[in-house]
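Using the hints provided, position chain B relative to the given structure of chain A.
2 protein chains.
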Amino acid sequence: MPTVRIEPDGFSIQVASGDSLISAVERAGVIVDTPCGGRGGCTKCTVRIVAGDLAPSEACRQAFDAGKIAAGWRLACQVRVTADLTVEVPAAARVRGERIVAAGAAESRSLDPLVFGTVVEAGVPSLEDQRADLERLLAAGGAGLAGLAPELGFLRDLPRALRAEGGRTAVVARRAWSGGCGRLISVAPASRAPRVLGAAFDLGTTTAVGELWDLASGRRLGVASRTNPQREYGADVISRAEHAAGSPGGLRDLQRLAAGCLDEILAECLRSAGCRSADVHDLVVAGNTVMQHLLLGVTPEHIAMSPFAPAFAAARSVPAAEVLITAAPGARLSVLPAVSGYVGGDIVAGLLATGLLDGADDASGPVLFIDIGTNGEMVLVAGGQATACSTAAGPAFEGARISHGCRAMSGAVEEVRFDGTDLVCLTIDGAAPLGICGTGLIDAAAELVRTGLADETGRLLEPGELPAGTPAALAGRVRLGQDGPEVLLGAGREIPLTGRDLRELQLAKAAVRAGAETLLAEAGLAAGDLARVLLAGAFGSYIDPANALAIGLLPAVPVERVAFGGNTSAAGARLALLDRAQRERAAELARSVRYLELSGRPDFQERFAEAMFFPGAASG
Amino acid sequence: MPTVRIEPDGFSIQVASGDSLISAVERAGVIVDTPCGGRGGCTKCTVRIVAGDLAPSEACRQAFDAGKIAAGWRLACQVRVTADLTVEVPAAARVRGERIVAAGAAESRSLDPLVFGTVVEAGVPSLEDQRADLERLLAAGGAGLAGLAPELGFLRDLPRALRAEGGRTAVVARRAWSGGCGRLISVAPASRAPRVLGAAFDLGTTTAVGELWDLASGRRLGVASRTNPQREYGADVISRAEHAAGSPGGLRDLQRLAAGCLDEILAECLRSAGCRSADVHDLVVAGNTVMQHLLLGVTPEHIAMSPFAPAFAAARSVPAAEVLITAAPGARLSVLPAVSGYVGGDIVAGLLATGLLDGADDASGPVLFIDIGTNGEMVLVAGGQATACSTAAGPAFEGARISHGCRAMSGAVEEVRFDGTDLVCLTIDGAAPLGICGTGLIDAAAELVRTGLADETGRLLEPGELPAGTPAALAGRVRLGQDGPEVLLGAGREIPLTGRDLRELQLAKAAVRAGAETLLAEAGLAAGDLARVLLAGAFGSYIDPANALAIGLLPAVPVERVAFGGNTSAAGARLALLDRAQRERAAELARSVRYLELSGRPDFQERFAEAMFFPGAASG
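Quick mapping for you: the protein sequence lines, in order, are chains A and B.
Numbering-wise (my numbering), the first sequence opens with residue 1 and increments by one.
Numbering-wise (my numbering), the second sequence opens with residue 1 and increments by one.
By construction, these hints were calculated from the structure, which means they are not laboratory data.
Careful: at least some of the hints might be erroneous.
[Unchecked claim] Chain A stretches covered by chain B per the calculated footprint, using a threshold of three residues with CB under 8 Å from any CB of chain B:
(1) 133 to 140
(2) 187 to 199
(3) 310 to 318
(4) 498 to 507
Yeah, the Cβ is synthetic: ideal placement off N, Cα and C, and Gly gets one too.
Excised from the complex, chain A in its bound form:
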């Protein structure tokens, strides 16, 4: 088996010849960013072979010029390992913030999954010992199997499995826990013991990510992601909830789309790891409350209208087959507990992964945890108390309602910087500019205010109004469009940013900021009291902290206090999958968080109005 050494980490791992490089790297515990789902479309997984030989695939040749190919650049998801090699995985290819998540997870990284496999020496019946097969097995299984009821399939397989190898029997079982009762899931002769695999998912409104784990060894076997196909029914949870309630079959359709998405992710992980779905015995999903409702086929319509009560908040466990997920017979899918209709299992997973309520962080002072998407969900942890709220940021951060907005895809302007003479606009993959995504929008707004092209109210100045000393190149980007002034972004000035675009951004950032300020006020704290502002979620991981502060998206803290949590939702789901104590912990966390309903609060409305303004260059 070839050995792959990963730099700069220095990990080494043995892989089967023919394994994809990305799965090898990820088996070593280095998570590579694959927004395209490992299809070679995004080039995020660009790595460099520094020793050993690895032939470039056609996809690599298309992605890199001859020089880069010669220098060893490859798409990790598009090449297969055939010989020993050393590969450098640059920071850019890694899911950012993963280190912090791991740290939070590390606090309880014990491997004690709900589902486990065991081999029982049950012996075989005789005229002196005519006990029934099941009673015999349970007696031999001891405390580990006591009180577990067999699934019907288990009972049907038991007689042959028990007798095939003189009573040496491999059993897969699920322990009892608050969300369900213990079960004997599958049985086989010991020599044909099935693998015990599990999957953890973050089911986001925009993107879903999944990981395949070997529950016996605690090794990650694969990771993959997909765009949530429900997007065709609207970018935000409200429009999906309305579709589920409003159109015949709408709920069924959304359920199937969600299930199909997780199914695809799981199938890809299984393929890359060479495993069978029949060995996947447990699945854990973290998502916002609406996503968790839709995945189970439960209407979220009442979350979308006052008083916003969900159908369920506590963790639920259902047969995977009942929600159309392809897994082992008897496999169950669990969703994490939610706090409310707008603070869901993804946020509880985040608290689980970051360990913010485990006391460890208390010493260091109050922490504000923010997950920014179409909703801005946040939790203020201070003095061991947690208070949460959610604000409707709208889809501006995902490029929607922006004249030339787009999602964070290849060609999106993701970074805008003023170099003293002009705006430097960088696109994802360095591709020709197609539009501007959320992070680019935040950068642009910050620079426009710094350079005086926009005032504190967000009004774009007309060409004639520009401040004295505005560099010519910069001034050249301002023109008068049909709806007023516009600023042209992109290297070739092909992406106009309008006043209305800025207004959309202001609405989004004001909602988030007003929520944060209301939490602080409720706790009697000021922004300066915050020891840390922890940004979670894919979008949060790519925000430029200085600019997020500059436009007033975040409470005014020194930039070094802003940290990144990465995908804390996936990390929390993973913890629950690997350690059943974490499921109980998640239930405690969900109960312990106080939810603050912002709708109809005058003080929130006031803060929202104030937050519309840009703090101005002073605070940048």
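Showing chain B alone in chain A's frame:
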């Protein structure tokens, strides 16, 4: 609503106009014998209208002559009540021995089913109380619903049900018990609360009987029976077990036949009671171990071969849908616990129904409980201790392997009596003789030995050997057939009984008797010590006790000590359905019974050889 008064009991019951008379009678608690399943084919349910008017149906006119019609004779299953009336239900129409069963049952006739309905005042969410629907419902439901997990269907129906009537919600739930964990099954607005129905079945090798019950009121809504369609694969459990194991799809076929049989019975009960299968939330089945395995689709092949270990013995509960029974979503089917591969849930049900181990009977002395069919299963209860065994009686009692044998159907010679000059042969329904069934066979053998036409070894005497003074009519029934002497039975001497037929009967009765004697010997008891011999099962209910003793089928006790238990298997299943404490009791009983394996015991073989002889007229 018309009132029906039942004589001689004196019960009165109100029924909906148009209800069938048999369902009215049975709602009053009088069980009518309907081997034909209430199709008017067997005339067992013949009753007499003594007051009021009830028009005869066409089926009645075919069954009775004008005089009987005028005298009020009707088939209870073939007429519908439209006005007040008084009906006499003769003993002949009643399931014999039902009184004893009821007595056993009466000791714990409390109504406390596992599945129950309740109306919860849950209220509706508000901005001040945003709890999730499920948490709100559980909190309002209090102790009754605490710890019960919702089925997915429940969760999907909850949001609308909760809001339809201001929070007044009807819930159907299953309490937790050793065999499974508690569940919230269905939910609806209070005004549309579903009925909570349940069904209890005796799944016999030959015949299946089922009852439909209203679990809220404890009223029986219907009863029906069917021949077990598995018979096409053999009359006894061994041949069915072999078919299940030996032929591709055999197990699946037998499972479907068993499920289909129960499904038909349930459907008929629902029709007669005007109820919906969607309201049937719980099903309990008692059957021998092989039947219970086949119903669940679990191979019984290892029961059929030494060391005869079943796959499971403890009670099991599975989703009704998984075994193809049509009932409410979330409905479960439970099978009663067994003692061993050959002492099944039907026998445990019998102990439950008769209360033999409840101490009440201890004072009166040792009791031998016997269920005679193709197997003779028996339990000796002495000094609070129970010991059980099973013997292979073979199918002779059901008419198989008898030259002119038949089952207990219309036209079967069911009773044979020597009136001093000749044999009087009575057939079921008084129809023309078609063959001889088990009870007729026992009567015939007893009379042949009494009258000296057969000797104690079972040898039929030739016409020339008959004892002096043999009445001419009797002697005229003896002829020399191709295989030796034969005795012609039936009014018109159309049913020959051969020496080989007698031999088959001897093998069957010897097996039963040897088992009983072995149990007595193990307990250090003699037959005379028995306070009671309790015959259970359909066949047992029709045996003539004096003749059963005369041929040595039963241990030699005074005839008045022989009692009838009726269908104790169905009665036990009914108790488990109506009172969850009885399920726990059944588990205790199954554990407390000691099983005696007879195979390979020399002392059993000796007793078997001895028991082949007929005790002779002396003991008749």
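Status of the hints after comparison with the structure:
no. : hint       : result
1   : 133 to 140 : holds (count 4)
2   : 187 to 199 : violated (count 0)
3   : 310 to 318 : holds (count 8)
4   : 498 to 507 : violated (count 0)
Violated hints for the displayed structure, listed by number in ascending order: 2, 4.
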